[in-house]
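Number of protein chains: 2
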Amino acid sequence: VVILVEPQMGENIGAAARAMANFGLSRLRLVKPREEWPNPQARKMASGADRVLDAAVVYDTLQSAIADCTLLLATTARAHDQAKPVIDAADAAQHAAPPVHGGESVGILFGRERTGLEKDDIALADAVVTVPLNPDFTSLNLAQAVLLLGYEWYQAGDSTPPRVLEMHGSVPATKDQLYAFFAHFERALDECGFLRNEEARPNMIRNMRNMWGRAELTEQEIRTLHGVVKELTTLREKKRP
Amino acid sequence: VVILVEPQMGENIGAAARAMANFGLSRLRLVKPREEWPNPQARKMASGADRVLDAAVVYDTLQSAIADCTLLLATTARAHDQAKPVIDAADAAQHAAPPVHGGESVGILFGRERTGLEKDDIALADAVVTVPLNPDFTSLNLAQAVLLLGYEWYQAGDSTPPRVLEMHGSVPATKDQLYAFFAHFERALDECGFLRNEEARPNMIRNMRNMWGRAELTEQEIRTLHGVVKELTTLREKKRP
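Heads up: the protein sequence lines correspond to chains D and A, in order.
Here the first sequence stands for residues 1 to 241, numbered as in our numbering.
Here the second sequence stands for residues 1 to 241, numbered as in our numbering.
Quick caveat, the hints were computed from the structure, so don't treat them as lab data.
Idealized CB from N, CA, C, for every residue including glycine.
A couple of the hints might just be wrong.
Stated by the list, open to error - Each pair of labels, with its calculated beta carbon distance range: (1) P132/D with R114/A: 27 to 35 Å; (2) T138/D with E118/A: 33 to 41 Å; (3) A215/D with R114/A: 49 to 57 Å; (4) R114/A with N203/D: 49 to 57 Å.
Said to hold, decoys possible - Covered, in the sense of this in silico footprint (three residues per stretch, anywhere, with C-beta under 8 Å from a C-beta of chain A), are these stretches of chain D: (5) 18-25; (6) 92-98.
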């Protein structure tokens, strides 16, 4: 699933759709596009990739756009300071293939034309994907970034065996399940005062989400963790005088 | 050396220059561009890759544009019927790296936006490069094709050792030297009547050029072949009544 986060220009959405069609990608999602949707400029630039545009879905929030994904990759041009694996486009294809072949949804995020993805967008992802570029000229437009990722995806297509679905008797958690746990966990931390430093709060949350993200939690583990948070909270209340 | 054969739109030249700059490619040649050159639309689309445009050189013929190349690759989207190795973009980068690191010029041809390269263009090349694309949607624009080849070139960049220049005491022939031999050889064939069937002539020439091309001739071998053609012709002259 190609997810464009707050794309600014319809033209770029169309060109991205065309690049997707070149490599057999069909699922496009748009998070808060700046211009109206459907968009005539997008259609013009899609050069016939109408099926991709017709099937595109618009979301109000990034979180809703990635709810069903089990693996989420974030493309960035710049260095970032988050504790996350950084992989290249070929690695991304290798990572994405087993879950996709197992019937899961893998999302790949592309940021705003001017400013890319924000820290909080990246924090949601399991890994960061960068394309090595000439350091003296790193401006790559949105559709070109989609093209390169699509190219590697298509290259990997034939050579990757389907993953054995069985994972120790459980299945990977969806992002929806993961975020429901984040919400529960962070609410608990707010209530206990752990996050009372308003300035430090966003960064602390990001770091913890990254930590959970790296764990590649299963559905069963998420259920267990909900229980853990609930129990911890309840125990504290019982102790209250 | 990126060589655009009869590019139609200035915008596409600019976008190709930008894609080149992304991957550290700097030598651009244009064979008979349809629009005036320098071109303001090209500059606009180059998004700052001005150095590539400023250094671009315009040629009247493809043959003059590739005169100094020792290896020539032709990009095509469609299948073709010429006896030439067909490689993918990653292979192209692997093939190009040793001669480039040895100080030779390697050219890669990109065809016209609408119609691609013609048979006679492809006949000049040592190998054909194709990018595997979704068979239902194979329209890849010029700059995107340059981008994908540039990407693979940049990927290969660090991992390829420089070639040992010594090649059995000789150096590979440049295209200029090769075509001078073609001219000599084909003139001789015309004179002796071998090519008298006007309808079959172009195809016969193409096939023979492909044959010579596959031989990867050295300078010394070219000199030898000139001698062979000359001697054979002289023999025929001597035989004349």
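To see whether the hints hold, each was checked on the structure:
{"no.": "1", "hint": "P132/D with R114/A: 27 to 35 Å", "verdict": "32 Å, holds"}
{"no.": "2", "hint": "T138/D with E118/A: 33 to 41 Å", "verdict": "36 Å, holds"}
{"no.": "3", "hint": "A215/D with R114/A: 49 to 57 Å", "verdict": "52 Å, holds"}
{"no.": "4", "hint": "R114/A with N203/D: 49 to 57 Å", "verdict": "53 Å, holds"}
{"no.": "5", "hint": "18-25", "verdict": "holds (count 6)"}
{"no.": "6", "hint": "92-98", "verdict": "violated (count 0)"}
When the structure is compared with the earlier hints, a violation turns up for hint 6 alone.
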